[in-house]
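Hey, can you work out the whole structure from these sequences and the hints?
Protein chains in written order, with my numbering: chain Z, 1 to 332; chain W, 1001 to 1497; chain C, 2001 to 2399.
Since the hints were made in silico from the structure, they are not lab data.
Note that the structure is a prediction, hence the values are computed from the model and not measured.
Glycine included, C-beta positions come from ideal geometry on N, C-alpha and C.
A hint or two may mislead.
To be verified - Subject to a maximum C-alpha distance of 30 Å in a straight line, what follows is the list of computed DSSO-like cross-link-like pairs (lysine-lysine):
1) Z/K207 - W/K1215
2) W/K1128 - Z/K181
3) W/K1188 - W/K1269
4) W/K1115 - Z/K206
5) W/K1369 - Z/K206
6) W/K1107 - Z/K206
7) W/K1078 - Z/K207
8) W/K1107 - Z/K181
9) W/K1316 - W/K1271
10) Z/K115 - W/K1078
11) Z/K181 - W/K1271
12) W/K1128 - W/K1028
13) W/K1321 - Z/K181
14) Z/K207 - W/K1115
15) W/K1427 - W/K1324
16) Z/K181 - W/K1117
17) Z/K115 - Z/K207
18) Z/K207 - W/K1109
19) W/K1263 - W/K1324
20) W/K1434 - Z/K181
21) W/K1446 - Z/K206
22) W/K1418 - W/K1215
23) W/K1418 - W/K1434
24) Z/K206 - W/K1109
25) W/K1369 - W/K1324
26) W/K1321 - W/K1427
27) W/K1028 - Z/K207
Said to hold, decoys possible - Pair by pair, the computed Cβ-Cβ distance ranges are:
28) Z/I122 - C/N2300: 28 to 36 Å
29) W/L1345 - Z/A14: 44 to 52 Å
30) W/T1173 - Z/A14: 28 to 36 Å
31) Z/I122 - C/Q2129: 50 to 58 Å
32) Z/Y196 - W/E1230: 47 to 55 Å
33) Z/I21 - C/Q2129: 25 to 33 Å
34) W/V1054 - Z/I122: 54 to 62 Å
35) Z/G150 - C/G2205: 33 to 41 Å
36) Z/A14 - W/L1110: 27 to 35 Å
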Amino acid sequence: MQQKIMRLIRSKEAVLLLITIVIFVAFTINNDNFRRMGNLQGIMQTMSVTGVMTVGMALLFIGGGIDLSMTFVALFSGVICATMIAMGIPWPLAILITLVLGACLGAINAFFITKVNVMSFIMTIALSQMLQGVNLIITNAQDIAVTVEGFRWGARMLWIFPIPFVIMTLLIVGFGLILTKTRFGRSIYMVGGNEYAARLAGINPKKVRAILYIIAGTLSSLAGVMFTSRMASAAPAAAADWQMNAVTAAILGGVAFGGGSGSMIGCLIGIAMLNIFNFGLTSIGLATQWITMASGALLLIALTMDFLNERSRKKSLGLITTKKKLKLQKGV
Amino acid sequence: MGDILEFKNICKSYPGVRALQDVSFSAKSGNVLALLGENGAGKSTLLRILSGDVSPNSGKITINGEEQIYSAPNDAIKMGISVISQERQLVPSLTVMENIFPGAQPKTKLGTIDKKKLRSESNAIIDKFAMPIDPDDLVGRLSVAHQQMVEIMKAYRRNSRIIAFDEPTAPLTESEINVLFGLIDQLKAEGKIIIYVSHRLAEIFQVTDEIVVLKDGLLVSQLTTSQTNENELIKAMIGRDLGDTYANLKRNDQIGDVILEVKDLNTNKLKDVSFTIRKGEVLGFAGLIGAGRTEVARAVFGADMISSGEIHFDGKKVTFKEPKDAIKAGIALCPEDRKDQGLLLFRTIRENVTMPILSRIKSGLFLNKKLERELTEEAVRQYTIRTPSINKITRELSGGNQQKVILGRWTNSRNSTKLLILDEPTKGIDVGTKAEIYQLVCDLAKSGLAVIFISSELTEVINVADRIIVMQNGQITGTVMREEATEENVLSLAMLV
Amino acid sequence: MKKILAIFLALAMVFALVACANGDDAPPGQDTSPAANDPATPAARGPVVYVGVEPGSHIPDWSNTIGFVTDEVDHWAREEYHIVYFNFNPTGVTGQITLALEQLAPVWNFRVTQLTANNDSDTFINNLQTILIGEPDGIIVDITEELAVRTADILNQFDVPAICLFNMAMDFDGNMIIPSVVMDQFVNGQEQVRHLASVYRDFWGDIDASEIALLVIDFSVNINIHDRALGAMSAFEELFPGNRIIYGDTAADSLSSEAGFAVANALLAANPDVNYWFVVATVEDVALGSARAIEALGLNDRVLQTSSGAAILAAQWDEGYEGAWIANYSIPPFLYAGVALFGLTAMMDGRADMQTLWPHMQLPNDNAARFNLGAGMMTRENYIEYIGDFMRDFGVDPS
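In structure tokens:
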């Protein structure tokens, strides 16, 4: 038992948690109001949409892939859902259909990436563009308001927690359990960590990745629905950075870009860190240029940490030697 | 449990090279069989066939009489074969127990992983072999030796009947090696068939029961360990006849002053290396792969970092931070890997030859094409490079000619090379061209160059070089003059601890 | 070792930022950058035409009525005109303009096709030339300032009349070269604050005016939107001298409701000592997020919010929204579309050309008119008529 505690303390996630707490404390010292309930609920709200996407993104990262269509899948889903509700479809059914649609979009990604072998980067960006166009066509660039009261659960609370936050937490816990406790979850780590070893163990990396893309699509869809519910309005072209935030949060949470490591807890910490950071910076009235720079700096730190971690991992596997490459061409 | 693994008439060829020719032997359970041979003898090819990575062109493998046809490594694994190679097939971010049971973790009734059972079953194996590993450790944090143990346990858990080790002791310390041998003994006792590939004779005598010696793709002898000795093995491993060629070499007998002095050189692979070389001398470096000879070359050339020691070149103390510095001082290196590191394969002979001296053949802003052409033709003549034109793309040349192009690059009249380092210059070259290259080396020495000649082909080194330095494990184990050198004494210096 | 380094870095960064912000000695949320403190006077604007302040009246009493709705021209005495609406970037507003044009088309005898340049300048120029080769009768174009000169050249080459929307088409000296129908953004901001100043007592009773603070949520990288913020702050300083002004900017994030939510949430929460708020969220999308944040923080009874736009707020009201967002400065797309249409028709008929249209709206050095649309505030009480009236003015039945 004691060993387990020791291991927990030494883990990556503990460090990240510590950093998050440090950031939070720093802001609190500066402005006492930081801690109040209203703020925290607001932070919880902003966390949820990108948070849900981060879960999908993190799963993909662990398995060695990436999905850059998430923002527009989300926006598209919001639009579809709002349109359906406007047409009179009862909202629970509309949400369900939307989620299924998200899964299908994920499946399209999965097909082209695993079967046709298009690079994930390119495929998902392509899908993103297409959805962007479709969005504009459907809505003529107008926002669609949702007028059904029941659908507005996104703005309400469950006890003291905003409902979207609860959803996000459930997803994190759920996927966390899957990652640690099921074979499938383990196989994700293997596929991302050492694909050859995974294959030797009888795992089919393509199948695993395909499933991850479908999950990512569904989660993006859910994020879009949550957003629409919160705002009571679907925006087809909100120029939002959601997926970059998801990427940043994942990396901040210790989910390595190259695959094979990371955890859901880490994700949660990453999401919290990012949002607290942004909230804090805005509330101290920092000028926007500085906020952008600071966010960039945070991402840079996260990437550096990630890189250092990766290097030590690869070294231990004997995959990098320390020789410099011979630079014969320098004779010119 | 008496399994028999048989290799029957295995042949495997790659373009231009016959890796294995009609190799047949068998291995029994409860026995450790060593595969011994020089580099290029065919050991790794055999292992790859065994693991299902490649298929033989002809011949078959049988287990207990049943022919094995593998289309992928997974098939071999399913038939009970585990090859533990030098690259770990582990997932570093997962725990030991996850790596022992990849994809086959015991499940609970709910379908989730039964962590308790996973741990206890892993512990069972760990305890059986008395390994100092905890099932919850992260593999990425373990030492190489322990990672290897995890691989062994994975193989054991898979109920592999055949376990092959490919140079397992290379990254291990001595005490770790002993532990490994203890494990192998245990596996033997369990009735596994063990195949042990190595070139370290001492170990072979420690742990193996039978030895198969390969040479140039042929099975030369099959011996019982207890009935043989080192000398016999060494004799079986060597022997290539170029006898006459060597006798006819016109050597350089004018040896001048010391041009390079290396004192107590230490890098992360080398330990206390010291030697000198004189102008006009051909200094050979012999040893097995991993002995450190290439590392010496790279250290002298400025391609690797030196942690301590001194290099004096041409009378002055030098520290080369980059190959560029070495080249400027007059040292040239023809690397082992011609294709990746030496030639610009898709460029012409002309471009390759003049590459390092472009600044010297300029006139104003432009290249002096006439000069370029002349230099290249000079090289072609000097080295008898067989090509219809100097504008031919080097990729289309034969290996021998490619090597000559590289030589031409460093030794033409505009180049002021004083020390030429050749790393495995005759690798993959036919016998006839080899002879040419030997003579060229001697000619270069005659013209005043100092030449360091690194080769794993013993016969070559001891017949071409004037003096031979033998290395093992990053250290110099001895120096032999050509007149006194025999294959046996050099090989002994290279292999015996 | 690495981990300690990482923690240290994060700490250092956070403290540096905090120190940076505090060093300015301003209360949280105050921006001391020059842009905020210096309500720059925008370039000479020319007369502002307030259209629709009283529903029903929409033109000043000027003798020259060419290019307005009431000039007596029979639009059906000619063949159908083909008008192209070419926009630089498809957004919510451009979509509404297209809709408006499509509704106007059957009434005034023209057909409209719509094209976009997808936010790319090269595409814009190329597409423009392609369009002109197709010989439309007129173009309604919305451009960015850098493209104005080039666009004017091309139009003159092909001799097709055009009207610009949203941005003024000026040459490098600031003189107009294509007649443009724009909204005065600075006035936009001012009007919003003036409206709030005139109605706040209806909501809060007779409170002490010095307790009101202004929160401006800007999107500073867009000059038009930024002008609104400047206008709002200028009017507030005038009407409530000495009161707190807090400046927020979603430019670091995006122009979206999520960003609006985050910024509003952060700044409102950072100043809990403020009793009453005016919130001017310069763009509707941002305002939507801000409205949600206000709700979430439970501040609906202490905040009054305005924004600029129409569709989103109207939709919210349709749905029954009753929160702090009480009004919009709104120039309905119908107004833009209609005014542009009639100006264009006059040119297509040949009764005016780009240089001579709307002469009373040209400044001495201009070569084309600047039609500055002013408007009124759309409130919950009047919004249905407000929008409907404009449609009726231009001959379209709002139902």
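Going down the list of hints, with the structure as the test:
| no. | hint | verdict |
| --- | --- | --- |
| 1 | Z/K207 - W/K1215 | violated, 44 Å |
| 2 | W/K1128 - Z/K181 | holds, 26 Å |
| 3 | W/K1188 - W/K1269 | violated, 34 Å |
| 4 | W/K1115 - Z/K206 | holds, 26 Å |
| 5 | W/K1369 - Z/K206 | violated, 54 Å |
| 6 | W/K1107 - Z/K206 | holds, 23 Å |
| 7 | W/K1078 - Z/K207 | holds, 21 Å |
| 8 | W/K1107 - Z/K181 | holds, 9 Å |
| 9 | W/K1316 - W/K1271 | holds, 23 Å |
| 10 | Z/K115 - W/K1078 | holds, 26 Å |
| 11 | Z/K181 - W/K1271 | violated, 48 Å |
| 12 | W/K1128 - W/K1028 | holds, 23 Å |
| 13 | W/K1321 - Z/K181 | violated, 51 Å |
| 14 | Z/K207 - W/K1115 | holds, 25 Å |
| 15 | W/K1427 - W/K1324 | holds, 26 Å |
| 16 | Z/K181 - W/K1117 | holds, 12 Å |
| 17 | Z/K115 - Z/K207 | holds, 10 Å |
| 18 | Z/K207 - W/K1109 | holds, 24 Å |
| 19 | W/K1263 - W/K1324 | holds, 22 Å |
| 20 | W/K1434 - Z/K181 | violated, 61 Å |
| 21 | W/K1446 - Z/K206 | violated, 61 Å |
| 22 | W/K1418 - W/K1215 | violated, 37 Å |
| 23 | W/K1418 - W/K1434 | holds, 23 Å |
| 24 | Z/K206 - W/K1109 | holds, 27 Å |
| 25 | W/K1369 - W/K1324 | holds, 24 Å |
| 26 | W/K1321 - W/K1427 | holds, 29 Å |
| 27 | W/K1028 - Z/K207 | violated, 39 Å |
| 28 | Z/I122 - C/N2300: 28 to 36 Å | violated, 47 Å |
| 29 | W/L1345 - Z/A14: 44 to 52 Å | holds, 51 Å |
| 30 | W/T1173 - Z/A14: 28 to 36 Å | holds, 32 Å |
| 31 | Z/I122 - C/Q2129: 50 to 58 Å | violated, 31 Å |
| 32 | Z/Y196 - W/E1230: 47 to 55 Å | violated, 37 Å |
| 33 | Z/I21 - C/Q2129: 25 to 33 Å | violated, 60 Å |
| 34 | W/V1054 - Z/I122: 54 to 62 Å | violated, 33 Å |
| 35 | Z/G150 - C/G2205: 33 to 41 Å | holds, 35 Å |
| 36 | Z/A14 - W/L1110: 27 to 35 Å | holds, 29 Å |
In the structure shown, a violation is registered for the earlier hints numbered 1, 3, 5, 11, 13, 20, 21, 22, 27, 28, 31, 32, 33, 34, in ascending order.
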